[in-house]
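Number of protein chains: 4
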Amino acid sequence: MALFVEKTTSGREYKVKDMSQADFGRLEIELAEVEMPGLMSCRTEFGPSQPFKGAKITGSLHMTIQTAVLIETLTALGAEVRWCSCNIFSTQDHAAAAIARDSAAVFAWKGETLQEYWWCTERALDWGPGGGPDLIVDDGGDATLLIHEGVKAEEEYEKTGKVPDPNSTDNAEFQIVLTIIRDGLKSDPKKYTRMKKRLVGVSEETTTGVKRLYQMQANGTLLFPAINVNDSVTKSKFDNLYGCRHSLPDGLMRATDVMIAGKVAVVAGYGDVGKGCAAALKQAGARVIVTEIDPICALQALMEGLQVLTLEDVVSEADIFVTTTGNKDIIMVDHMKKMKNNAIVCNIGHFDNEIDMHGLETYPGVKRITIKPQTDRWVFPETKSGIIVLAEGRLMNLGCATGHPSFVMSCSFTNQVIAQLELWNERKTGKYEKKVYVLPKHLDEKVAALHLGKLGAKLTKLSKDQADYISVPVEGPYKPPHYRY
Amino acid sequence: MALFVEKTTSGREYKVKDMSQADFGRLEIELAEVEMPGLMSCRTEFGPSQPFKGAKITGSLHMTIQTAVLIETLTALGAEVRWCSCNIFSTQDHAAAAIARDSAAVFAWKGETLQEYWWCTERALDWGPGGGPDLIVDDGGDATLLIHEGVKAEEEYEKTGKVPDPNSTDNAEFQIVLTIIRDGLKSDPKKYTRMKKRLVGVSEETTTGVKRLYQMQANGTLLFPAINVNDSVTKSKFDNLYGCRHSLPDGLMRATDVMIAGKVAVVAGYGDVGKGCAAALKQAGARVIVTEIDPICALQALMEGLQVLTLEDVVSEADIFVTTTGNKDIIMVDHMKKMKNNAIVCNIGHFDNEIDMHGLETYPGVKRITIKPQTDRWVFPETKSGIIVLAEGRLMNLGCATGHPSFVMSCSFTNQVIAQLELWNERKTGKYEKKVYVLPKHLDEKVAALHLGKLGAKLTKLSKDQADYISVPVEGPYKPPHYRY
Amino acid sequence: MALFVEKTTSGREYKVKDMSQADFGRLEIELAEVEMPGLMSCRTEFGPSQPFKGAKITGSLHMTIQTAVLIETLTALGAEVRWCSCNIFSTQDHAAAAIARDSAAVFAWKGETLQEYWWCTERALDWGPGGGPDLIVDDGGDATLLIHEGVKAEEEYEKTGKVPDPNSTDNAEFQIVLTIIRDGLKSDPKKYTRMKKRLVGVSEETTTGVKRLYQMQANGTLLFPAINVNDSVTKSKFDNLYGCRHSLPDGLMRATDVMIAGKVAVVAGYGDVGKGCAAALKQAGARVIVTEIDPICALQALMEGLQVLTLEDVVSEADIFVTTTGNKDIIMVDHMKKMKNNAIVCNIGHFDNEIDMHGLETYPGVKRITIKPQTDRWVFPETKSGIIVLAEGRLMNLGCATGHPSFVMSCSFTNQVIAQLELWNERKTGKYEKKVYVLPKHLDEKVAALHLGKLGAKLTKLSKDQADYISVPVEGPYKPPHYRY
Amino acid sequence: MALFVEKTTSGREYKVKDMSQADFGRLEIELAEVEMPGLMSCRTEFGPSQPFKGAKITGSLHMTIQTAVLIETLTALGAEVRWCSCNIFSTQDHAAAAIARDSAAVFAWKGETLQEYWWCTERALDWGPGGGPDLIVDDGGDATLLIHEGVKAEEEYEKTGKVPDPNSTDNAEFQIVLTIIRDGLKSDPKKYTRMKKRLVGVSEETTTGVKRLYQMQANGTLLFPAINVNDSVTKSKFDNLYGCRHSLPDGLMRATDVMIAGKVAVVAGYGDVGKGCAAALKQAGARVIVTEIDPICALQALMEGLQVLTLEDVVSEADIFVTTTGNKDIIMVDHMKKMKNNAIVCNIGHFDNEIDMHGLETYPGVKRITIKPQTDRWVFPETKSGIIVLAEGRLMNLGCATGHPSFVMSCSFTNQVIAQLELWNERKTGKYEKKVYVLPKHLDEKVAALHLGKLGAKLTKLSKDQADYISVPVEGPYKPPHYRY
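Chains as they are written, first to last, in full-length UniProt numbering: chain S, 1 to 485; chain F, 1 to 485; chain U, 1 to 485; chain H, 1 to 485.
Among these hints, one or two may not hold up.
Where chains are identical, the list cannot tell them apart; a pair therefore holds if satisfied intra-copy or between any two copies.
[Unchecked claim] In silico DSS-like links for lysine-lysine, alpha-carbon gap of 27 Å or less:
hint, residue 1, residue 2
1, K186, K435
2, K441, K211
3, K211, K464
4, K372, K110
5, K328, K479
6, K338, K461
7, K152, K197
8, K367, K197
9, K454, K337
10, K367, K340
11, K384, K340
12, K338, K458
13, K338, K464
14, K479, K211
15, K367, K110
16, K479, K435
17, K461, K384
18, K190, K434
19, K162, K441
20, K340, K56
For the record, the hints were derived by calculation from the structure and aren't laboratory data.
Could you put together the complete structure from these sequences and hints?
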């Protein structure tokens with residue numbers, strides 16, 4: 001796409017694929033609202049007092065229908081919002097169109113190039129002369145990364161006059177990041193420094209981004225407070241587990257229509273995401289083999305009747321491979337060469353480096369046949385045998401299907417709203433330092449409670465006597481912080 | 001669409017949505033071939049001898065990718081083929097295009113009107129001056145019905161000069177059938193009679209069509225031999241059960257993206273289709289309630305931990321309703337009025353009369369909001385509450401997703417190929433009278449055996465001594481006819 | 001035990017282990033009655049008219065608590081009853097005691113020798129001077145066998161004066177049968193012939209006995225009518241499947257206390273019994289591998305995510321082996337030698353020849369260590385490695401636990417009561433010839449219906465219009481005879 | 001039993017039910033050793049260096065076969081051991097006999113009175129003139145409680161001369177504790193004070209005991225260091241979850257033989273224990289309803305398709321009730337009165353106050369019918385309807401079956417051994433203060449690793465590059481402390 005910003009009649013900026021899909025997006029947003037009781041409760045509870053009045057929020061998070069309900073919850077609470085996606089394939093264009101038309105500045109479309117991706121991220125952070133953002137909603141940490149790298153470069157530039165050199169790295173994507181920063185430096189050598197100063201904090205959505213934050217905290221380089229939303233129980237034990245249990249088979253079926261029953265499936269990693277994937281595949285009738293580095297998670301897999309082996313043991317007999325590790329270099333091109341014809345290879349971890357796409361793309365004589373968008377058959381010259389790679393190694397549930405369903409995202413996103421409120425409300429109290437925090441247990445329990453009614457559940461109430469017996473308040477929180485659920 | 005027949009450069013007739021999708025269709029057909037070992041084995045085993053040389057086969061069966069592999073198996077064995085779909089929403093347009101371009105005369109597109117549907121059926125039966133078909137592959141029995149009604153009308157016309165009166169029936173679809181027959185009578189008053197005379201037989205795919213055939217056999221009105229493919233074990237206990245277990249959640253997810261976990265789902269009917277649906281919903285985390293008329297099936301549901309109640313008991317608390325009964329008038333508009341807002345209502349039984357679409361469409365003041373094709377929200381005027389109806393009450397797995405996956409359809413369709421071969425090979429021996437037959441057990445076992453290798457299975461072999469001990473041949477068949485599996 | 005008949009104060013004969021357990025037996029019988037609604041309904045419906053008045057019924061069927069409720073249902077309907085078990089380990093001594101004291105002549109105890117077993121069978125058939133039995137309830141066909149062999153010997157004796165020669169067979173158990181017949185011949189050379197003449201018929205409980213009956217029918221040697229209760233849907237698809245799903249893990253746990261989760265379990269045979277066993281093991285967290293000869297059953301196993309291999313493939317890596325085939329020579333001593341230390345080997349098929357106990361017992365230098373009754377560790381001299389064999393290779397669920405639970409046996413035994421009533425009521429009408437019959441569908445459905453209320457289920461009722469549409473009576477039966485459920 | 005201490009020929013004290021069961025116990029211990037690879041590895045790794053040389057260990061923990069392997073691991077590492085059970089019904093008498101004969105001083109039998117129970121606890125703590133214990137293995141905290149109460153009384157006595165007054169409490173069991181302390185005070189007013197001084201620490205097994213420890217830590221009354229073994233991942237997420245998933249149905253089946261399939265089961269509490277119980281019941285075919293106070297756990301139950309209601313909602317329609325809460329007063333006599341006839345009521349939480357046994361026992365006119373030990377039918381006078389209570393409201397898996405299986409207990413007990421080693425090795429370093437500690441992550445991972453080989457698992461190894469990428473050491477630990485698994 002030609003990279004220029006467009007404007008709505010009301011003057012709000014945007015760049016989306018097709019504004020004519022806005023009506024369709026609106027209809028699906030309305031359906032999603034019924035499935036997202038946590039967010040709708042936030043609108044009811046906090047909307048009248050407009051707590052985000054004056055707050056400018058930038059989000060970098062998959063621009064889906066569910067995210068649309070999140071965005072409109074933030075605006076319903078008074079915020080001004082700019083948004084980009086955190087993955088080049090995850091945007092639902094009708095969702096982007098509806099939000100761009102009705103509610104917030106959106107820069108996102110399905111199938112961005114990496115160049116376009118970072119342009120969009122820059123736009124979402126670009127609040128113009130008035131400055132901003134005040135708050136960031138991040139997923140994977142790319143918005144946070146850009147600011148941190150920007151500040152680093154500006155400091156270096158101020159001290160030494162040196163600008164970042166994109167050729168200093170092999171990583172193609174990081175070259176783009178450095179180029180963007182370099183190109184901006186001369187026109188405005190204090191842009192990211194101003195951002196950093198204004199920023200109240202970030203709330204981070206996912207395991208990968210959280211890991212980055214803890215590393216920065218450990219290194220002492222974290223520039224603003226961060227709330228780790230991922231480790232709310234109602235996030236990591238829900239969206240990661242139940243969300244993937246839903247969206248992995250959804251992605252497999254939409255991309256390949258392959259029968260899962262009877263197949264041998266390998267799930268690399270048995271964390272929350274891997275547990276959800278393995279459960280879904282097993283329930284669909286596959287025979288599931290898990291690979292793990294962690295003996296505890298491996299023993300959990302065994303207790304569920306799953307086999308635990310290494311990838312090498314099974315690479316030539318399995319039909320479906322799913323990476324969920326959050327690590328890199330899990331399935332290499334040498335593995336792929338040994339796979340059965342039409343073996344399916346996909347990733348549901350945050351980043352696209354679990355599968356060696358670079359090795360595959362540069363394999364001499366390999367042939368890529370695009371069956372349909374996000375579904376490619378790669379044929380090796382020696383064997384004429386092909387493998388099917390989904391979403392080019394990126395998050396297959398967002399690339400090939402529509403991501404996690406609304407209900408479970410309502411849990412995650414209610415945590416986001418609460419985290420953003422917490423950061424904003426405490427912006428002047430000094431409660432949050434430049435560290436990583438998790439939300440307190442009672443808020444976690446509240447998020448869950450907001451989702452019970454929709455499913456017809458009734459909670460039992462503790463008597464005072466019982467509460468005293470187990471040493472908890474009658475209204476909770478009911479568990480110690482280390483409780484594992 | 002304008003209803004005129006088109007021709008390929010080679011002169012073969014067709015009518016499809018978009019011939020430019022043929023390449024895409026071809027790619028998916030090639031993927032499906034790898035998943036359909038039974039059909040590919042038929043090509044290997046029978047292809048060289050061209051057993052269908054000279055046979056003209058008309059098919060009326062969902063025009064999907066899997067059916068494309070069936071059609072090209074029939075042509076690989078020497079047959080000439082004309083095809084239509086047996087459902088207005090089930091055609092995959094890229095499959096139709098690929099077959100029309102490369103292999104057979106196809107008349108089918110997704111989203112036919114009923115008028116168009118019966119025009120397509122007529123075309124598939126219209127072999128021109130040379131006459132035909134010799135064989136029919138039927139699904140639901142509409143091709144068979146048209147010939148039977150045609151013959152009846154021609155006999156009446158010959159005797160009394162009377163033509164069928166479309167106004168003699170309330171059923172809108174049957175009015176169309178009578179109109180077609182009436183309109184054809186004058187120009188060619190012996191068309192269906194000639195067809196009947198030539199016809200070697202029909203092989204019928206599904207429960208509903210089989211029921212019609214047995215009724216005709218009982219009434220003595222069946223005009224040619226029929227093989228009941230549905231009741232091959234490798235069909236009804238596989239495609240109905242495992243196929244629906246796969247395609248029901250697939251349809252739900254593509255149509256609505258709704259989270260199944262935590263929901264209350266009602267499955268009406270606990271036959272093979274209902275068992276597959278209930279298993280899929282339970283495994284996805286729904287709480288499943290079954291409705292049944294048959295106490296044995298009800299007791300089976302209970303043994304799986306499912307609740308068995310009547311629709312009236314649960315209509316206002318469930319989130320998802322699926323009809324699988326093969327009967328009519330299961331969910332009426334009065335039920336729908338009582339449902340929760342955005343309850344999902346869908347059917348996976350063959351015909352569209354399980355859900356009272358007529359009652360819904362004619363409900364005073366009801367408002368239909370099409371979210372996307374095959375996904376409609378219907379809002380009742382009194383409550384402003386809406387329900388979501390999939391595929392207009394027709395087969396939701398074909399209307400909203402892509403039907404059953406290739407592997408399980410390979411079982412069903414290998415039975416079809418074997419049945420067609422059997423009818424054709426015995427066409428002059430008198431083996432088959434005007435009755436309904438099932439395939440012998442050893443062929444059923446053969447179909448299964450052809451599908452084991454793909455899944456890495458190894459069978460145990462009986463010793464002669466063991467075979468004698470249980471009184472079966474070493475090579476099978478291993479079970480008595482009444483065995484239930 | 002010393003083999004002499006004892007008598008109650010009322011003069012009824014019996015031989016049980018310990019009459020002092022009668023009170024305990026009575027308490028458990030009362031519990032079981034609440035779980036057996038089908039049998040209790042028979043008492044309510046038929047008790048007042050005393051349909052079995054004058055009928056003498058011999059039963060040869062595991063003498064358990066559940067069977068006690070069956071026996072007392074027969075007596076509540078007017079019958080006089082004599083009973084033995086059909087397995088040397090399956091008797092529950094407290095059940096035997098309660099029935100012997102209160103209701104019927106019982107000859108059965110847990111841990112009979114084969115000699116004792118056949119003595120008990122003879123006693124159960126010995127109605128004294130008045131003659132009898134009129135009816136037989138058989139399980140596995142041993143009572144039926146004894147009469148058939150007896151008649152054969154008496155006919156030979158009458159013709160030629162020759163008596164059976166026990167040495168004419170290698171089979172140790174059949175030698176005992178021949179000895180019994182031989183020893184009785186001289187004192188009463190017409191005993192079995194008189195029995196045969198009087199006998200109205202037999203109702204047979206299980207797959208193995210049914211197979212014998214069909215063989216006799218095919219050979220023309222069947223001496224009286226037989227009803228195949230096993231193939232009632234409410235028997236073979238319930239007791240075989242759901243009964244074993246319950247009682248297999250029960251037997252494993254009571255015998256070995258071994259953790260099932262994480263283990264590799266091999267199930268030989270995937271019929272109804274194998275399906276129940278595999279489901280139970282999978283659900284308990286084992287990784288299950290199936291061995292099969294029948295490709296259809298093998299494909300069913302694959303569709304449930306189970307691996308299908310041969311015993312040879314897995315013999316040295318599995319932890320638990322279960323035979324369910326109904327065939328012989330499944331696990332041979334050469335297999336057992338290759339197993340892991342403390343691998344568990346057990347059988348849940350009717351006869352004890354699935355596991356090569358003879359080969360094991362006679363293996364040179366093998367050492368048997370009895371952990372507790374029915375749980376033996378057999379140590380091979382070469383490896384010092386041992387395997388654990390349950391119930392000496394006999395039905396492990398009855399030898400190591402208490403067999404199937406009451407509720408599912410209520411289904412099976414209600415079929416028995418109905419079959420016995422049918423034979424008795426039609427004894428003078430000639431309805432039943434010397435053939436094998438199954439109960440009509442409407443009675444099968446009735447059995448199921450009697451069990452729904454207890455589980456809180458509510459059936460849906462067909463309207464007349466719906467019934468006509470699918471061509472069934474409003475009250476059922478709802479399915480054609482070939483329907484597989 | 002008459003309460004006097006017996007002695008083995010070697011002079012070791014004991015009191016068990018029946019020493020003649022020692023051989024049987026030994027055989028089962030040998031079987032268990034094969035299933036407990038973690039403990040056996042400890043013997044191999046640490047045995048040669050005799051790290052517990054000189055250590056006197058008192059254990060208060062269910063005296064089962066698995067505990068026997070733990071005890072003999074402690075002695076194999078050089079310890080001297082005295083043991084009692086922590087539950088009046090949980091002792092397996094053959095295990096107690098084998099240990100008493102061969103390895104340690106045991107005071108335990110199945111079916112102790114409360115009086116006997118505390119006498120046994122006192123004996124296990126009574127190391128005679130030489131003093132002791134040095135270490136305590138506790139389960140539920142009763143040994144720890146007795147010492148704390150003893151010290152409190154001795155301090156009070158020293159200060160004021162006052163002795164504890166058993167009538168100061170309503171709690172019958174606590175009256176016994178106070179009586180024991182009071183009676184000992186005069187003869188030895190410093191017994192517990194000496195114990196406290198010598199004690200290196202306690203390792204606590206279960207949730208309930210841990211809760212008590214944290215309360216004491218919070219109050220500042222904890223007298224010695226404590227290691228919380230329960231919250232090792234390889235304990236609470238394994239034994240509590242997978243152990244109960246195994247042993248709940250085991251207990252139900254042994255006690256009642258009731259068919260679980262088709263039943264409605266209520267699980268009170270959805271913590272780790274409740275999750276295991278609910279999974280087992282669901283898999284066995286029950287319809288499971290959960291009661292919960294914690295919205296997060298409730299939402300987890302919903303995501304698995306379980307219904308969440310209050311006990312009041314379902315008390316009159318459920319068939320099976322299981323308490324797993326760790327709280328008190330869950331099922332009261334007023335609930336029991338409303339239950340269906342023969343509803344089963346049982347508890348699998350540590351203490352027996354989840355079920356209102358006192359209310360039941362004192363209900364006017366109630367009648368108790370003991371079916372067999374640990375299985376009582378209680379009949380209410382008004383309705384003549386009875387409920388079945390297992391193990392008198394105590395841990396039903398230990399009272400009615402044999403507790404958790406060896407393999408999962410090997411995980412728990414390997415943590416115990418490691419905790420005891422840690423306390424002992426650091427006894428002079430001051431590493432452990434009078435606080436509650438959990439074991440470090442790498443030891444937790446080690447425990448898991450020791451159990452993988454037995455199940456045939458193979459771990460994947462991280463490359464250095466991958467380890468750096470996710471910021472963990474190549475050898476682990478792999479997860480942050482807050483990770484929930």
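Outcome of the hint check:
no.: 1; hint: K186 x K435; in the structure: neither (31 Å within a copy, 58 Å between copies)
no.: 2; hint: K441 x K211; in the structure: both (21 Å within a copy, 18 Å between copies)
no.: 3; hint: K211 x K464; in the structure: between (40 Å within a copy, 18 Å between copies)
no.: 4; hint: K372 x K110; in the structure: both (14 Å within a copy, 19 Å between copies)
no.: 5; hint: K328 x K479; in the structure: between (35 Å within a copy, 17 Å between copies)
no.: 6; hint: K338 x K461; in the structure: between (57 Å within a copy, 20 Å between copies)
no.: 7; hint: K152 x K197; in the structure: within (14 Å within a copy, 58 Å between copies)
no.: 8; hint: K367 x K197; in the structure: neither (50 Å within a copy, 53 Å between copies)
no.: 9; hint: K454 x K337; in the structure: between (48 Å within a copy, 19 Å between copies)
no.: 10; hint: K367 x K340; in the structure: within (16 Å within a copy, 47 Å between copies)
no.: 11; hint: K384 x K340; in the structure: within (11 Å within a copy, 42 Å between copies)
no.: 12; hint: K338 x K458; in the structure: between (52 Å within a copy, 20 Å between copies)
no.: 13; hint: K338 x K464; in the structure: between (63 Å within a copy, 24 Å between copies)
no.: 14; hint: K479 x K211; in the structure: both (25 Å within a copy, 11 Å between copies)
no.: 15; hint: K367 x K110; in the structure: within (24 Å within a copy, 32 Å between copies)
no.: 16; hint: K479 x K435; in the structure: both (24 Å within a copy, 19 Å between copies)
no.: 17; hint: K461 x K384; in the structure: neither (64 Å within a copy, 31 Å between copies)
no.: 18; hint: K190 x K434; in the structure: within (21 Å within a copy, 54 Å between copies)
no.: 19; hint: K162 x K441; in the structure: neither (46 Å within a copy, 44 Å between copies)
no.: 20; hint: K340 x K56; in the structure: neither (51 Å within a copy, 37 Å between copies)
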